[in-house]
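Peer 1: Sequence:
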Amino acid sequence: MTWISNSVTLFGVVLLAHACYSAQEHSALQSFRAATSTLTSSAAVSASLPVDITIETVVATLVLCVGLVVGSPPLRPIQWRVWAGKVEREGEEGFKGSDGEVNKDYLGNPFKALESRPGFIDIRKQRKDFAEWVKNGSDGSGAKN
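Residues in the sequence shown are numbered from 1 upward in steps of one, following this note's numbering.
Rather than coming from a laboratory, the hints here were simulated on the basis of the structure.
Note that beta-carbon positions come from the ideal geometry of N, C-alpha and C, so glycine has one too.
Take these hints with a grain of salt, some might be off.
Claimed, not checked - Have a look at the derived ranges for each label pair, beta carbon to beta carbon:
{"hint": "1", "residue 1": "Phe130", "residue 2": "Lys86", "range": "44 to 52 angstroms"}
{"hint": "2", "residue 1": "Lys86", "residue 2": "Arg127", "range": "20 to 28 angstroms"}
{"hint": "3", "residue 1": "Thr36", "residue 2": "Ser7", "range": "50 to 58 angstroms"}
{"hint": "4", "residue 1": "Asn6", "residue 2": "Gly119", "range": "47 to 55 angstroms"}
{"hint": "5", "residue 1": "Ser31", "residue 2": "Thr61", "range": "22 to 30 angstroms"}
{"hint": "6", "residue 1": "Leu75", "residue 2": "Ile123", "range": "39 to 47 angstroms"}
{"hint": "7", "residue 1": "Phe11", "residue 2": "Glu88", "range": "35 to 43 angstroms"}
{"hint": "8", "residue 1": "Val82", "residue 2": "Trp3", "range": "30 to 38 angstroms"}
{"hint": "9", "residue 1": "Glu132", "residue 2": "Lys86", "range": "43 to 51 angstroms"}
{"hint": "10", "residue 1": "Trp3", "residue 2": "Ala28", "range": "34 to 42 angstroms"}
{"hint": "11", "residue 1": "Arg33", "residue 2": "Val69", "range": "37 to 45 angstroms"}
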């Protein structure tokens, strides 16, 4: 599928380049005609682009967009918990590209840091211990009596 999307994208780029070149040539030809028409005093020259160049530009843009969309990787879920669930269920297999290699942005379990962190600090217990330490007095060494 990759070579199809690449070839469609390349074809769209070639069509768009040709449309741009045609528009530039048309503009140069019209400016040349305008310069010579003042000398010969012929009828006024139209300055708008011909319909075939406009159609070619629109078609080239559509073909280019189709090639880019077909070649893009699948979208990830917007919700973090859905994406993390996919990582936990499928592991590396869920992030292999069309070439069989794991994508470079695969980091593994996104909850690993949460699972390996130390427990929560009990502030109330620490406050009580500090109050007892102050009540019992301190000798300045930091050790309890």
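Peer 1: Hints first: check each against the structure and report whether it holds.
Peer 2: Results of checking the hints against the structure:
Judged by the Cβ atoms, the range 44 to 52 angstroms given for Phe130 and Lys86 holds: they are separated by roughly 45 angstroms. Taking 20 to 28 angstroms as the suggested C-beta distance range, the pair Lys86 and Arg127 does not conform, at roughly 42 angstroms. Between Thr36 and Ser7 the Cβ separation comes to about 43 angstroms, which falls outside the hinted range of 50 to 58 angstroms. Remark: the range hint 47 to 55 angstroms for Asn6 to Gly119 is upheld by a beta-carbon distance near 52 angstroms.
Ser31 and Thr61 have their C-beta atoms about 26 angstroms apart, which keeps the hinted 22 to 30 angstroms range intact. The beta-carbon spacing between Leu75 and Ile123, approximately 42 angstroms, falls within the hinted interval of 39 to 47 angstroms. Between Phe11 and Glu88, the C-beta spacing of about 41 angstroms keeps the proposed range 35 to 43 angstroms intact. Checked against the given bound of 30 to 38 angstroms, the beta carbons of Val82 and Trp3, roughly 31 angstroms apart, stay inside it.
Glu132 and Lys86 have their C-beta atoms about 50 angstroms apart, which keeps the hinted 43 to 51 angstroms range intact. For the hinted restraint 34 to 42 angstroms between Trp3 and Ala28, the CB-CB distance of approximately 37 angstroms keeps it satisfied. The hint said 37 to 45 angstroms for the Cβ distance between Arg33 and Val69, and at roughly 40 angstroms that hint holds.
In the structure shown, a violation is registered for the earlier hints numbered 2 and 3, in ascending order.
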